[in-house]
Amino acid sequence: MNRKITAGFEMILMIGMLFSFCYFVGFEEVSLVSGAEKEKMTIKDFLDKMGGGKLTENQTWKNYPISMNSEGAGCCFASNEGQVCGTTSPENCISDSPFAEGALCAATSFCEKGCCYDDKSGTYDKNVLKFACPAKWVKDPNCNLPGARLGCCVLGSKTIFETEGQCEVDSLVFAMGDDDIVDWRTGVDEGACLFLAAEQKEGACVIREGECKFVSEAECFSYGGDFAEGSLCTNPSLNTSCKMTKQTKCVDGKDGVYFVDSCGNVGNIYDSSRVEDVSYWDSVVQYNDSCGAGEGNGDSPSCGNCNRFAGGICASASEDNFKVEVGSFYCRDTSCMFDGVKYDNGESWCVYDGAIGNGNDVVGSRHWKYVCSQGVVQIEPCADYRNQICVQSKEFEVDGKKVEFDNAACIANNWRECINLNSEDADEVRTEAEKKACTESRTKLCGNYTLYPSNADKINCLNLAASDCASDKKVRMVDKCSATLNCRVEKVAIADKFTFDVCLPKYPGGFALNDARYQTTAERLCGMASQTCTVVRASKKWGGCRYVANQNCLSETFGQEMNDFCRGLGDCGGSVNIVGEWSGNYIIRNSPGLSESWIAKLSIFATPVPGQFAEVEDYSEYLAAAGVWGGAVTPTVGGEEEKSFDFTSIGVGVAGLGLAIGAANPDMKGAIFSMARNFIPFDKILPESFIKVIGPYSGAMIGAGIGFVVGQMLGQYLGLSEGGSMLMGLGGAAIGAAYMLSPTMTVMLATPLFWVGVALIVISLFFGRSKCPPIEVDFECKPWQAPVGGNDCEECNDDPLKPCSRYRCESLGAGCELINEGSGDELCVDGNPGDATPPIIHRQTGIDFEGGDYEDGENGFSIVNDRGGCVLAYTPLPIGIVTSEPAQCKFDVAVKDFDDMVFSLGGNSYLYNHTAVFNLPDPSHGQSQGSNWTGDLSLYVKCRDRYGLESPGIYEIKTCVIEGEDVTAPKIVASEGIGNVGFDVTSKDVMIVTNELATCKWDLRDVDYSEMGNDMVCGDSLGAPSNALGYVCNGVFAIGNSSNNYYVRCMDQPWENDTSKRNANAQSFVFNLVKPSSKISIDKIKPDNIIEINTDFTTIDLKVATSGGGVNHFCSYSFSGYGSMIEMFETGDARTHVQTLNVGTGAKKIYVECSDENGDVARGLTEFRVVQGDFNVQGGEEEGEEEGEEGISSIITITRIWEEQGRMNLLLNGAGECRYSFTGCKFDWEDGVSIGEGDALSFSVDYGKKYFIQCEDKYGNLPSRCLAEIVAI
Amino acid sequence: MGEKNGKRAQVTIFIIVAIMIVVVILGLIYLMNRGGEAVRPSDLGPRDFIAGCVGDVVRDSVDKMLENGGEILPSQAISYQGNEWGYLCYQADFYQGCYNIHPMLELQIESEIERDTSVGVQSCFNSMREDFENRGYDVKGGATEYSVDLLPGYVKVSLKKDIEISSESGAKSFNDFSLEVVSPIYNLVRVTREIVNSESQFCYFEYNGYMLLYPEYDIRRVDYRDSKMYRVIDRRSGDEFKFAVRSCAFAPGI
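Quick mapping for you: the protein sequence lines, in order, are chains H and C. Residues 1 to 1273 (the numbering used here) are what the first sequence spells out, left to right. Residues 10001 to 10254 (the numbering used here) are what the second sequence spells out, left to right.
Reference listing, derived: stretches of chain C covered by chain H, where coverage requires no fewer than 3 residues with Cβ under 8 Å from a Cβ of chain H: (1) 10075-10086; (2) 10194-10206.
Below, simulated EDC-like cross-link-like pairs (lysine to aspartate or glutamate); rule was C-alpha separation at most 16 Å, straight line: (3) Lys158(H) / Glu10216(C); (4) Lys254(H) / Glu10216(C); (5) Lys136(H) / Asp118(H).
Calculated directly from the structure, the hints in this document are not laboratory data. Treat the numbers as computed from the prediction; the structure is a model and nothing was measured. Don't be surprised by glycine CBs; every beta carbon is placed ideally from N, CA and C.
Start from the sequences and build out the full structure, keeping to the hints where you can.
So this is what it looks like as structure tokens:
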């Protein structure tokens, strides 16, 4: 029973799989109609110009641009290389080919996809260019046309699931077509059609005396024989010449092995025990009543009742060397054994190279789908570079029962989207204005009668709107990440202030390891994990430093967690390859590196985890987002800082008290009193009586106070710690008090108080203050590099079930190369075994810079100005070297081992040419800060080849910087945050980058630096710019109701107290923050009502109209909610946004979200229903149709027909054109005779003739068949 | 005595057997040599000769179509395993579904076969004419009507040409030389259409599920670079249709 359920389920699953998994990996295409076209040209015209029109993939790779980013790229109809409709540069497009700059081909008229069809033969080809179609063409790329509908074509005892047109052709060929016997049945799915074949009645067809054929009734009819249903030709009662035999055969369309009679007719299912049984040759025995019913009978020598789903299918015994008891055929076992597990025919499962998910996929790994196909395990590698992942399900429910069936599929890996989500806004709190706007737009939507026809619906809608819009938080990155396929939120929590969330792919993508074209992108992606943790310290009271924030960044955990973050992005940082070999490309500064033991643990990821597989994800099961994205990691200081004791305030307080008390004694130090009175109105603080009582001691108190202050100041000047300064202060206070109490110096020296003070001061000198600057702990994440050498290359060739690929091979070693690519005999080999030649470095020629030159030396070169001297400070200096073989190069300011060198020269790949640009600071700036900066600089360069051989000696690049007085103002070299702002935004953070350390100010007026009213925060320190381009200053710019010009100026050398020595900008850096006059809103979403079709699927255009907001509007849509939106294909420029969708029947709900470049967002949703009716349109939208109007639901019918005086009169339900034909109901529209246009038509008729009438509505929509068949009598 | 006679008889039998073996071998050699000679039209009759000759020409062309994705020479192809695999669906850009670049494939193949075989068909008639003329016949021919149709299970070759072969003893006319070449190409092209339609719409074809429903086909797919190389095999005949698809190609690392 279970076998039957499984078999039945397999049928359902296999048919469903054709669509369901297709849907998973589907990429929707869209068509767009636009203006001028050159549609009269043909593809051949273009191809003929391409030298024979022959194109090989090698040429494609050589010439094809990687992206559209190149200048002027666009859609080219026919390129010089022979590509049709591809993105390329204009010069690569043949001269008279249509070209649309900046456009995707899917959005151009000349590359629009459509359906090419021939309804007579029932042939429908999807996604065809109009130029390429030799038959009829309509704009629907998915061919959702009535004639494309599939049904079950019954051809005798055989069935085919196909279009009606194809069935007509097949019926003719199989001699079923005479007398209109075309048995095409709708409402039968593919599986049912298959079983329908088994239900066709067959029997003996006695054609003439002695001659018999075992066929269906219809076939027998075409032979003109006598049909005996259910009888075999060997039935004695039929008196045929056909006799029993011991021969067997396989039958088309059937799984089993069948006996064959002496006339060649099929008998019953092979059963060796009944070969001599005469009764078994009389009549048909159903397979349910035959041997081994319900089983697959795989490898049974005696029973041929095969069932492909249960484990057997008819095959030749001799070809398989199988011993069968009778005949030559048997049921071949269709199950497979793999890794000790038995799989049924059609089962598929995932195989991995190691652990998967959570960013643990190892470099070079791939997901594999294996399939058991008729007893053979077939390999289906998912797309390399982990661009696809293998998902697997095991249990399914069929009719309430659980069925185990392994089912795997390769689906697109959404890893890029996960990384993109990190550019989403951080958790923004919804402002009151935003709440109001949200409520207004949602409330307005609730009033849509079509969507919410009843009051209950409206109330529900309003409640939901109120609830949604009352939320304080907008949708955040973590929310989106959690709701997005294949993404995960990684919480990086290393230290108290170094904690943030990041969206990472569950299955990181792989990078082209040795392809220089992709290195920049790879470096940028990996660079996301290059972060700095600032460990904040403060000096202890009694000397030494204590940690205020981020102490844990100094532990090994920092490197470990940052490397996990780094390799979670892709092939970055330190990771192992498919054979567990570790290789790392990362830099950790000021924190321990990764330990050997920790690295060794990573090799476990190269071993597959039993039972682990990627499951089909369910959006609803995503975990709620947790944590907050911290954006750029710049820990703030002081949040939890211990409140330091303010000794200065204590000292001042004590002294103040003393001064106040001393005021009562006119004999005592009146001068001091009078001086102090200028500052504090003491008499206002204490009553006079009190002052008089303590007057005698006031002099001592004053002395103590002064002594304390002086001691404190001296302690700080001497660099004592807090405790040391306090001791010195107390010592000073004691001496001061002794002085005030003693009339003479001699007396003072004799007082113990004085000597206590001296002792305290001496002791305080032992408590020196420690300098405790913050520690910048860096992690630099770079693209992963393969281990040097090529010892492991052959490992790629060992497993025939995991064929080697370029990516796989290159992950095994920097020296590994894939040979015989594309031959089927690919091998991964060591490209240069026994290499003993190190790379040799030379200066790269062809590089120059303004105001300077290069001078070659013995083993290196010098960078000089155009007079051979030193170069100006902060001048960009390009340097370039060439190596004799592909190598990686690094440099540093001191001679170091290659691995210890900090700076990369050139990219991450093994290259010939290595270049970098840097600038040098003014030495005087460093010197002024106590740094030992000189004007001379030497850079030491080393290179290493793929086999680990390093360049001999040290290659030195020398230069020097002009020293002298700095008279140059800082340059603003970059900015961030300027441009457009949201409608509700009241202030904007703007970042300014200067080429040297500076302070910056801004104002709404273009005035001198000193007059500018707003300081910017410039937190960088000399020699440690926080931006790759220079030193950063941030400011919060207030925004009014209209756009304003903002002026920024900077001044260098902030450490210089004398501003006259500093240089300020004489001209302002000006920018504008533009605010829209209104917020973006969604005006209309179509469709929003009922769409009637008569196909299973239909193609609709989801159209969204927006207004307000900024210049560019971008809209996204989703079927499941606002958490996971897909950007509409045609969006960004216009106010109408279009996405073509292929939808089935039923109720649909589509969520829409639109945003503009200002960051404002508008949301809406539409609900509509697709129902299956009697008629459907034949074509799509007509060009020039009114914007926003659907071209789908128009249905034309004839409401009345009558004949009057030889004329036939028609009334239509709307305006249209009708034509007639005599040939049949499905005549070609072009061949029909026009009756006229309008909603009331008439035409003269000939009596007795049969007229087939078709009508087309005003939009050009044509029902699938004629509307009327009439005969005038 | 009896023993001696027995031995003699035994020797005689051996000799007879040896002679028979030699005769059989010589006979086989003769027959094989004879078979190596070209069959002359005049031996078979014009209709049978043309059927055989044109059948071979068309069969070769069909094989070419199967090998090259439905073209005599693939117009857009990728080199794989030493052969050029013709693209039936191609998208130059990354991440986009492919364009079906050879719609109405049956029609294309029919015209390609006609184009490819027209010279060969004419050669068949020329051979026939030469042979008959060498034997003293007078041969007259009219215009040729030639078309090829792919149909389920076979290729229908419609070939009409007025041929009159005459000699002193009389004349005989022939007109219809139509024939059928057994080939699964029609069915393979239908499966190919399913694949191309699915690849262009979904960037994917669930060929394993398809094979479960239609076990008579063996569909193999190999991913090479960013293309998919398909082989659609008719299990019964072993004939296979080869083509390539580039749809929703992924860029590595970006």
